[in-house]
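Following the hints, position chain R against chain F.
Residue numbers (my numbering), protein chains in the order written: chain F, 1 to 349; chain R, 1001 to 1507.
You can trust all of the hints, since none of them are fake.
Pairs of lysine to any residue, SDA-like flavour, derived with a Cα cap of 25 Å:
hint	chain 1	residue 1	chain 2	residue 2
1	R	1271	F	141
2	R	1449	R	1466
3	F	243	R	1348
4	R	1122	R	1141
5	R	1162	R	1091
6	R	1122	R	1191
7	F	82	R	1327
8	R	1162	R	1066
9	R	1368	R	1394
10	R	1449	R	1245
11	R	1368	F	214
12	F	243	R	1328
13	R	1183	R	1159
14	F	243	R	1370
15	F	82	R	1326
16	R	1219	R	1061
17	R	1368	F	219
18	R	1148	R	1271
19	F	243	R	1323
20	F	243	R	1325
21	F	82	R	1396
22	F	243	R	1324
23	F	243	F	129
24	F	243	R	1267
It should be emphasised that the hints constitute simulated quantities derived from the structure, not laboratory data.
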Amino acid sequence: MRLERRDQSSLALIVAAPVAAIIVSLTLSGGLIALAGANPFDAYFEMVKGAFGSRLSISETLTRTTPLVLTGLAAAVAFRAKLWNIGGEGQLYLGALVAAWLGHNIASVVPAPLAILVILLAGMVAGALLLLGPVLLRIRLGVDEVVTTLILNFIVLLFVSMMIEGPMKDPLAFGWPQSVSVDRDVLLPKLLARSRLHIGLLIAVAAAVLIWFVQTRTVFGLETKAAGLNRNAASFAGIALGKTMLGVACISGSLAGLAGAIEVTGLKGYVTLDLSPGYGYSGIVVAMLAGLNPLGVVITALFVAIVFVGADSMSRALGVPSFIADVIVSISLLTMLVCLLFTTYRVRR
Amino acid sequence: MTAEPVLELSNISKSFGNLVANDDISLSLARGELLALLGENGAGKTTLMNILFGHYTADSGEVRAFGNILPPGRPRAAIEAGIGMVHQHFTLAGNLTVLDNVIIGTESLSQLRSDRTGARDKLSALAEKFGLQVDPDALVGDLSVGEKQRVEILKALYRDAKVLILDEPTAVLTSIEAEQLFKTLRGMTETGLSVIFISHKLAEVMAASQRVVILRAGKVVAEKHTADTDRAELAELMVGRRVTRPVRTDQAPGREILSARAVDVVEDSRKTLDNISFAVHAGEVLGIIGVSGNGQASLGRLTCGLTGASSGTLMRDGDESRAFSPHALVEAGTGRIPEDRNAEGAVGEMAVWENAVLERIHDARFSKRGLVDRTACRTFTDELISRFDVRGAVPDTGTRLLSGGNMQKLILGRNLATSPNLIIANQPTRGLDEGAIAAVHSELLEARKNGAAILLISEDLDEVLALSDRVQAIFNGRLSEPIAATDADSKSVGLMMAGIWGDADAA
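Extracted from the complex, chain F is given alone in its bound form (with noise of 0.2 Å):
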């Protein structure tokens, strides 16, 4: 048996995978479900039901899209251009912070619509200077981004963990670990009304069309494009790789930073250490899912949230852990890593 390139993926095949991948994924969980006791068919029609089986849970599932449709951007703008940034979490908290300390403190400075879009530009700042770091250490030094985002992960998060025990910590928090609060003013305008569903997913969806103009329609992007799939042909066509490279990174970083300054903004109003359910780790394989096309993301980042969702309700409804949603989206990575293998190749005998 041996694998042989195809000579073009067609279109079909490109949607087929993440569809395949994701049935897969179903299946085989639902093996696991089948052993922690529960009937898997009643499991998924509970974890539907409570994705979107009212108004809460339609809106809640929106309200989980939001972030993951951001880092599910930052990861497939990066990925795109061949920059390992696993450095997404670290990017959303690193934003959150600083929009919590602007929420809180300009508020009573700056009119609160400048103050709103002063908050999500400086987390998405956040997220860009942290990611800058280690791609300036990968043009300069060749050191691998891979390891040094994903450490700086754990930095940042013990990071937001002094600050909120100590120069950040809410007074009024009984002694929780909580960051101080964002004024009200600076909160994001709610979507729906008695719901927690905020204008965030518009941005969201926002960005994502802006991300697939950048990229199928401007200089930069097909550049960055270049440079993602040929680095040689691009550098002998002229095209500055370190300077493509900063430029992917701080969208990317940004876009991250966006989705922490979004949740404080739009839904918690202070940092906790839980303010992320590691929603930079689910963004790479939301933009997976999505083959990093930016519009696709949007969809992904959808069934992600429903899994989610969904999981929790099925788990009070059956008593299934709710880990399986875990196990669910890892699952599908790894079946869509699979898939993408046979977009690109067939077997033969």
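Below, chain R alone, put in the same frame as chain F:
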């Protein structure tokens, strides 16, 4: 010749996907025969030999050696039957000695001590018998390409090969080394060995072989005794139609466009170009001839703006201060044809139109305020495709789907479309078939006629002699003095390629 063939291939067919690489091929080889397998790139020569040697399994057909069927897909069976193969890319370990390379794999793992004395004696006897002189204790990594090839041949002979297959054996040799090789091969056939060599070079097939089998598009189109045929007939059989390479006409060169004075280049802390000087003028082709690996890659990178000179001066239009970056060069009207079109010339996974405009995407005609004008890009690409006859392509075709020749026409086209005043052509026809070579040559000569200066870096002597006004040889990072093409013949240039030239050869 004796009646019993030493090797017989009958009705071999092999497809890769939709591509039929070998279509019902039969051929036989007699004892003591020197057979040439002639065909263009992609005609199926290498596939056939890989089936014979057991690297590939044929879809149908069988291989017989000395009357016995060879089990398909088993190289070891082929070796045991007395077939030896010398690949185009050598399979030697550079950090081992010649002797180690030769005996590796011939001794059983359970054997405690290797019989080096016996092996050394056998190796020396073989080297002596066939005139393949090489030091058994030298490290293979220190040997020249010609010597490495000798080791490969000795390796096959050491395994008692009675049939030797050589895949494009002269691709990496100077003309003198090639002559020496064929002399050796003839000596081998006189002692009863049989040899097949694969080639697409008509001259050496005519000079060396006794019989020639011509492959085209996976089929045997003809089989000739070399004495009964001539170059023109072989060329026509190989290509399937009459192909004439264009001829250079005389014209006076103009002003100096590109020159180097005493330039050194150091890459990866190794001096790859050593005190080189050259000058190319408008309407002139300067040919740089040399055997692969003597600094051509570095010269290509230097003149294409990918690496800088560590000392000396490089001048564009007689101006020392001009920048040599890819972007600056393209702006100044330089057409650049990279050595490796797949690695550097184009991004295979991108569309043809994207590759067509990549170098010039910042031009106002292709983008405005950072936005790509896709309509203009596609229109430009359409013009390119029709003007330069890029077959099998529309602007949105994936570039990887183009054949080598058509990809080269695309690269050539995107450079020539803007009427450059300087063209750096590094191995412009490597791996192309006769038809595509003729097309590339006539485009280059057309550009010369229109006043472009052309720096042609090539390993193909025929190409350099046909296109160049003046020729310089490159050897070990150094350049010879230029000689006029009218004074150059394959003999004199062959010596220059071996580093033997009048004044410069002080070392």
